[in-house]
Structures are given as C-alpha cells and as structure tokens.
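Visitor: Residue numbers (my numbering), protein chains in the order written: chain A, 1 to 157; chain B, 1 to 186.
Be aware that one or more of the hints could be misleading.
[Claimed, not checked] Distance ranges between label pairs, derived from CB positions:
#	chain 1	residue 1	chain 2	residue 2	range
1	B	Ser15	A	Arg24	39 to 45 Å
2	B	Lys68	A	Glu4	17 to 23 Å
3	B	Lys68	A	His83	44 to 50 Å
4	B	Gly99	A	Leu140	31 to 37 Å
5	A	Glu58	B	Lys170	52 to 58 Å
6	A	Glu70	B	Ser7	16 to 22 Å
7	B	Asp39	A	Glu70	26 to 32 Å
8	A	Ala53	B	Ser48	23 to 29 Å
9	B	Phe25	A	Arg98	44 to 50 Å
10	B	Arg52	A	Pro101	36 to 42 Å
11	B	Ser7	A	Glu93	16 to 22 Å
12	A	Val88	B	Ile57	48 to 54 Å
13	B	Val176	A	Leu140	30 to 36 Å
It should be emphasised that the hints constitute simulated quantities derived from the structure, not laboratory data. Where a beta carbon is used, it is the ideal one built from N, C-alpha and C, also for glycine.
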Amino acid sequence: LSAERAAAKIERLGFDVGYRLCERLAQSKPLGPGLPPPGSAGAAAAGGAVDPAAMQLEAVKFLCKEFWTEVFRKQIDKLQTNHRGVFVLKDHELRWLRRLPPEDETARVAAIKMLAFPCGLIRGALSNLGIAAVVSCDFLADGKNMAACSFNIKIKS
Amino acid sequence: MSKSSASASGHALWSKMPKANAELFALTYGSLVTELIRDYDNADEVNSQLDRIGHSIGVRCVDEFLSKAEVSGINIPPCQTMKDTADVVARIGFRMFLGVSAEVANHAPDGSAFSLFLYDNPLSIFVELPTAEEAAAINGGSGGCDLSKIKYSNVYCGVIRGALEQVNLKVTCRFVKDALRGDEVN
C-alpha cells in the first residue's frame, strides 16, 4: 500500500470520526445565536443577517476548545486567521506525538503519517458544522520538542 | 485470588490509567472496521484482520498490565490454574483497559476452557449490524462482503490471544454469542 494511499485512508478515517464526534459534541454545546443547527445546508434562511465569517470563526473556536479538549484533553495553543477563510491552529504539545525520539528522521516521517488522522478529524468536524474546507498539517518539531504541529484550514468559498 | 479483591484491584488500576473519550474510542474503532470492510471482500478476512490487530494490542497489554500493577503495589499472585487466569483476565485486565468487568463462567471439566461474558461492550455503543436479509439487500447480490457475518468486536479475541501468548498460554478465542446480533450478551 503506497504512502499516499495509506495517508488518504487515515485521513478518511479521521474525517468519519471527526464528523460523527462533532455531531455528538455540538448537540450539548450551543454554538451561539446566529448559527444554524449542525448538518443543515440552507444557512441563509437562519434569521437574516448571519455573517458567514463570524460563523466560521465560531465554528473554528469550538473546534479549538471543546472538540480538541475531548480528543486531546487540552485546547489548541494558538489560533491565527486572516479573516478571509484561512486559519492556522498550532498545538505545542500533541499527546500522540509526545513519545517520539527527538531528532530522529524516521520519527519525523512517522509523525507526518500520524498527523493525517487529526487533519481528517478537523475536516470532518467542520463538515458537520456545514463548512467545507481543505486541511493540511505541518510538523513544527524543533529537534527537542517533537510534539509541536500546526494545522492549516482553508475554507472553500 | 478472591473475587472481591480482584475486582478491587481492577478498579484501582482503572482509576490510574489515562482515559480517552469513550465516544472517540468507539467511533474510531467503527471507522477502522468500516475501512476494513472497504478493503476486503469477505467477512472472514475482516474478522481475521480484526483478530490480528487485537493480537498486536494484546501482546503489549500484558507488559502494561504487569508493570502498572507493580507500580501501584497491587499484588497479582501467579495463576495456579486456568481458572485463576480467567479471573485475572476478566476482572482485572478487562476492567483496567476498558473500564468494564467481564464475568467468567462455563469452565470445562478439565480446566482447559472457559467463557467470558461481556455485558457492556464499550466498542459497540453506536453500532447496528444488519441481519442476513438486510445484508443481502445491501450487497444487491453482487457478492460483496456479507455484513451480517462480521464479528464486530473480534478485536477482543485477538487481544486475549495475544496477551495470553505472552505468558506462554496458547489459546484460541472465538465469539459464541454477540449482542449486536440479537443475543443478550457477548
């Protein structure tokens, strides 16, 4: 099984899990007055002037806090956005990468493979909230801390 | 090892383990099974892959189990008979890793076999398996994977087999009853 196909599989696994987990988590947490319920497509009808950018921001914030806490037991460390549909989420210490040997090339490769799952999780969760996006990840390890990574979300417009 | 002290040990070890979200666990396993069904055409292949995965897990579980027990000062006396082994697996092992205890029963007269009953299966909380007729309808007669024959929680069989193999007990383990197929218990 080639590396890309394996990565795609893992990403798809993450997508399914993220989608369904988000459904469960978003049920119990209100996302703000302006948001349509998860899974509904016609957002424009929901109460008039809902600013889609604000809604996206709310969704991503939910992702960084509640969703991330459920999965990784901590929140995202840093969120950046250009307010035009691009978000960067940084996690300085991802649980799943904590035990990797430092400064090891095969560990880097393995980490990138493992990061496909959280990418899928993010994509799935956003999809459940009605947002289509492309998610990629970067491995930010600086030799000593092998567990730092960032996820780039680009919302499809 | 007395039953209540085994349960108490199991509970104590469980409380020391780092936990993950139960729904995440169940959903991830579900996605895994879905991918396997997508990859392999027949149910037996899927079942044996799940068993293989379980085996890898089980092999690692034993070390974790014994080291955690030692660290917490919980004494697990060496098992004299298969019955003891059964008790330890069910009450302490399952409890520690899954949070649910299994019951042991049906020991064979020569002590070479036993049954484990799992009343609460955390892996299958969101799952429904189609019946044989529904599975045939889904396949449309094109000979894909027979979904009703999937042993969804077959990973447990592999885990038990792998774990006991590490302590030099070669066993076979199979599902006799499955709650997902309408029986009362696993």
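Visitor: Each of the hints needs a verdict: does it hold here or not?
Guide: Results of checking the hints against the structure:
1. For Ser15(B) and Arg24(A), the hinted distance range of 39 to 45 Å is not satisfied, since their beta carbons lie about 25 Å from each other.
2. Hint check: Lys68(B) to Glu4(A), Cβ distance near 38 Å, so the stated range 17 to 23 Å is violated.
3. Judged by the Cβ atoms, the range 44 to 50 Å given for Lys68(B) and His83(A) holds: they are separated by roughly 48 Å.
4. Look at Gly99(B) against Leu140(A): about 34 Å separates their beta carbons, and that is inside 31 to 37 Å.
5. Glu58(A) and Lys170(B) have their C-beta atoms about 56 Å apart, which keeps the hinted 52 to 58 Å range intact.
6. The given range of 16 to 22 Å is broken by Glu70(A) and Ser7(B), whose C-beta atoms sit roughly 29 Å from each other.
7. At roughly 28 Å, the beta-carbon separation of Asp39(B) and Glu70(A) lies within the given 26 to 32 Å, and the hint holds.
8. One distance hint, 23 to 29 Å for the beta-carbon pair Ala53(A) and Ser48(B), is violated here, with the actual separation near 50 Å.
9. At roughly 19 Å, the beta-carbon separation of Phe25(B) and Arg98(A) lies outside the given 44 to 50 Å, and the hint is violated.
10. For the hinted restraint 36 to 42 Å between Arg52(B) and Pro101(A), the CB-CB distance of approximately 27 Å leaves it violated.
11. Between Ser7(B) and Glu93(A) the beta carbons are some 36 Å apart, a value that contradicts the proposed interval 16 to 22 Å.
12. About 35 Å separates the C-beta atoms of Val88(A) and Ile57(B), a value inconsistent with the hinted range of 48 to 54 Å.
13. At roughly 50 Å, the beta carbons of Val176(B) and Leu140(A) sit outside the given window of 30 to 36 Å.
Against the hints set out earlier in the document, violations occur for numbers 1, 2, 6, 8, 9, 10, 11, 12, 13.
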